[in-house]
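Undergrad: Chain B: place on chain A using the hints.
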Amino acid sequence: MKSRFALFLIVIAIIAGLPWLITTPYWRGILVLCAMNVLLAMSLNLVLGYTGQLNLGQSAFFAIGAYVSTILIKTYGWNFWVAALAAVIAAGFLGLALAAFAARLRGHYLAIASLGFAVITYQVLLNWEDVTEGVRGIYGILPPVPNTVALFYLVAGIAAAVYLLLDNLVRSPIGDTLRAIREDEVSAASLGVNAAIWKAFAFGLGAGIAGLAGAFYPGFVGTLVPDAFGIIESFTMMAMVIVGGMGTMIGPVIGAVVLTFLPELLRGFGELRLMIYGLALTLVVLFMPGGMVQAWVSLKNRLRA
Amino acid sequence: MSLLGAEKLNKRFGGVRAVQDVSIAVPQGAIFALIGPNGAGKSTLLNLLSGIYQPDSGSLSFDEVNLIGLRAHQRVRLGIARTFQKIRLFKQLSLLENVLAGFHIHQDVPLWQCFLSGASGRFRAEALELLAFVGLADRANDRAGALPYGQQRMLEIARALATRPKLFMLDEPAAGLNAAEMEFLLKRLENINKRNVTVVVVEHNMDLVMNVAQRVFVMDHGVPLFEGTPREVQANPQVIEAYLGGEFAA
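From first to last, the protein sequence lines stand for chains A and B.
Position one of the first sequence corresponds to residue 139 (our numbering), numbered consecutively onward.
Position one of the second sequence corresponds to residue -13 (our numbering), numbered consecutively onward.
Think of the hints as simulated: they come from the structure by calculation, not from any bench.
By construction, the Cβ of each residue, glycine as well, lies at the ideal position given by its N, Cα and C atoms.
Misleading hints may appear alongside valid ones.
If you only want the chain B side, here are some residues facing chain A, beta carbon under 8 Å, derived [as the list claims (entries may be wrong)]:
hint : residue
1    : Ala58
2    : His59
3    : Arg68
4    : Lys77
5    : Ala87
6    : Ile91
7    : Phe101
8    : Leu102
9    : Ser103
10   : Gly107
11   : Arg145
Non-contacting residues of chain A with respect to chain B, defined by C-beta distances greater than 10 Å in every case (computed) [as the list claims (entries may be wrong)]:
hint : residue
12   : Pro157
13   : Ile168
14   : Leu171
15   : Gly215
16   : Tyr247
17   : Gly278
18   : Leu280
19   : Ala338
20   : Asp365
21   : Ala377
22   : Ile392
23   : Thr398
24   : Leu410
With the rest of the complex left out, here is chain A:
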């Protein structure tokens, strides 16, 4: 418990210090993006890593969070924080809707259904022009705080708080229940677990967190277009979770940091960048099936032996 507190202080110190080390506006922007990706990876990890539900629809909740908050602010003049709360609730309820599918579908079937859900959401954003402006996009969106550094502190602070809450959750009896569903649903039912309800809990909470990340996104970029929420985003989130190590708290955080910065660091390679990125992903999955956290643990064990 004490070491946990110390670790948390170190993380706070790192978050506080990062904008002093990274001073160009471009890289400070990447920092904000990174904090958002950490939130998104954690949100998916709750569903995929802890509850074992193959969910490819997470980008939809990110999108809902972004659009609901922006429309409430721009069209109805809501305060940012109230709008962000509404975004969390809206995304959370949509998560419950997707959970209704998860109650009936398993594995690959759920993956296809949730992918369809993301595609539908994207199409609605694209075509419901009266509300979303479609491809024309929404412009001139202001961030809730005056500059990039403040925005980074805000999003990173929220990500740290969400980390703490989820870390407690997965070590509580609810964590035991979610992992039991992941491991074997029939077995879990034989212990009195109503899997449908707990899947709904995980989907709803995961969707709400993704919606929260979504509320910060439009103010950061300044514009909002549906293309920011293509289904590829779902796969990127999944890559972050898997590369880092799903079913662990720290894994997806590391995955999000690595997969946010890696493409940027590879910019020097020009057109080769995406190929190297893809190759790196493939190699990690091939040689570290449990992700970077698992690789680190086995390396530590080998050195100790």
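TA: For chain B alone, kept in the frame of chain A given last:
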């Protein structure tokens, strides 16, 4: 008085009548064995009793509560627990986590507290006791999937006991156990029974059935064949025929 009662249960899979007009009454406090050759419908019957399947027709009650329509997870709250023929542990989790998951229906930590304190609930000590009861106390933090087969069976028993059942049903608990493990299992079953838990055991192993069961229910081809004490079952020509084939029955 019977704790679990079924009248004329039927279950069909396509053209196969897996369970036909089976009526049973499991007496309170008994060790009740369900035997029969392969394909007799024993596991299907157990799945009907535990709620994995719903019967096509028939009635089913436990402790004077109608079970028809209640799903497996709901029946656990009434006090019905079970293990599986093909072991279904949470393989990636530790032994302790497996048993802790078994306390699910007794957890009373409020939701908000789960987000704030990271408390692991109040069942840790009891879970460790259950592990000790099945002889696995020293392996509490090992991964369940890493256990040898016989110990996996015992862990599954400990996990099911965590639900604090009144009725405990085991599907072929002796399958794959060696003689020493069998002996241990017998003792544990008797011990569980002494704690006022009614035990239903589906079994192939005649030693186990004859040694611990007070009543034996024999099935063949989905229909009830005979019910009686172990001694009566052993002497019954119909049962012998079903097990050994017609030519030995004379």
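Undergrad: Would you mind marking each hint as holding or not holding in the structure?
TA: We went through each hint and held it up to the structure:
1. Of the supplied interface hints, the one on B:Ala58 holds, with its beta-carbon coming within about 4 Å of a beta-carbon of chain A, less than 8 Å.
2. Among the interface hints, the one on B:His59 holds; its C-beta lies about 5 Å from the nearest C-beta in chain A, closer than the 8 Å criterion.
3. At about 6 Å, the closest approach between the beta carbon of B:Arg68 and any beta carbon in chain A falls short of 8 Å, and the interface hint on this residue holds.
4. Of the supplied interface hints, the one on B:Lys77 holds, with its beta-carbon coming within about 7 Å of a beta-carbon of chain A, less than 8 Å.
5. Nearest Cβ of chain A to the Cβ of B:Ala87: about 4 Å, under the 8 Å cut. The hint holds.
6. Because the smallest distance between the Cβ of B:Ile91 and any Cβ of chain A comes to about 4 Å, under 8 Å, the interface hint for this residue holds.
7. The beta carbon of B:Phe101 is positioned within 8 Å of a beta carbon in chain A (closest approach about 5 Å), and the interface hint is therefore held.
8. Among the interface hints, the one on B:Leu102 holds; its C-beta lies about 6 Å from the nearest C-beta in chain A, closer than the 8 Å criterion.
9. For B:Ser103, the interface hint holds, the least distance from its beta-carbon to any beta-carbon of chain A being 6 Å, beneath 8 Å.
10. Because the smallest distance between the Cβ of B:Gly107 and any Cβ of chain A comes to about 4 Å, under 8 Å, the interface hint for this residue holds.
11. Hint status for B:Arg145 relative to chain A: holds, with the closest Cβ pair at about 7 Å, below 8 Å.
12. With a minimum CB-CB distance of about 29 Å to chain B, A:Pro157 clears the 10 Å threshold, and the non-interface call stands.
13. Even its closest Cβ contact with chain B, about 30 Å, leaves A:Ile168 beyond 10 Å, as expected for a residue assigned away from the interface.
14. The non-interface label for A:Leu171 is consistent with chain B: the shortest C-beta to C-beta separation is roughly 27 Å, beyond 10 Å.
15. For A:Gly215, the condition that its CB be more than 10 Å from all CB atoms of chain B holds, with the nearest at approximately 32 Å.
16. A cut-off of 10 Å between C-beta atoms confirms that A:Tyr247 is not in contact with chain B; the least separation is 20 Å.
17. Its beta-carbon lying about 37 Å from the closest one in chain B, A:Gly278 satisfies the requirement of being farther than 10 Å from that chain.
18. Every Cβ of chain B is farther than 10 Å from the Cβ of A:Leu280; the closest lies at roughly 31 Å, confirming the non-interface assignment.
19. Its beta-carbon lying about 13 Å from the closest one in chain B, A:Ala338 satisfies the requirement of being farther than 10 Å from that chain.
20. At roughly 35 Å from the closest C-beta of chain B, the C-beta of A:Asp365 stays outside 10 Å, upholding its exclusion from the interface.
21. Consistency note on A:Ala377: stated as away from chain B, and its beta-carbon is indeed over 10 Å from all of that chain's, at 21 Å minimum.
22. The Cβ of A:Ile392 lies farther than 10 Å from every Cβ of chain B, with a closest approach of about 20 Å, so its non-interface assignment holds.
23. At the 10 Å boundary, the C-beta of A:Thr398 stays outside the reach of chain B, the nearest C-beta of that chain being 27 Å off.
24. Chain B leaves A:Leu410 outside its interface by the beta-carbon criterion, the shortest separation being 38 Å against a cut-off of 10 Å.
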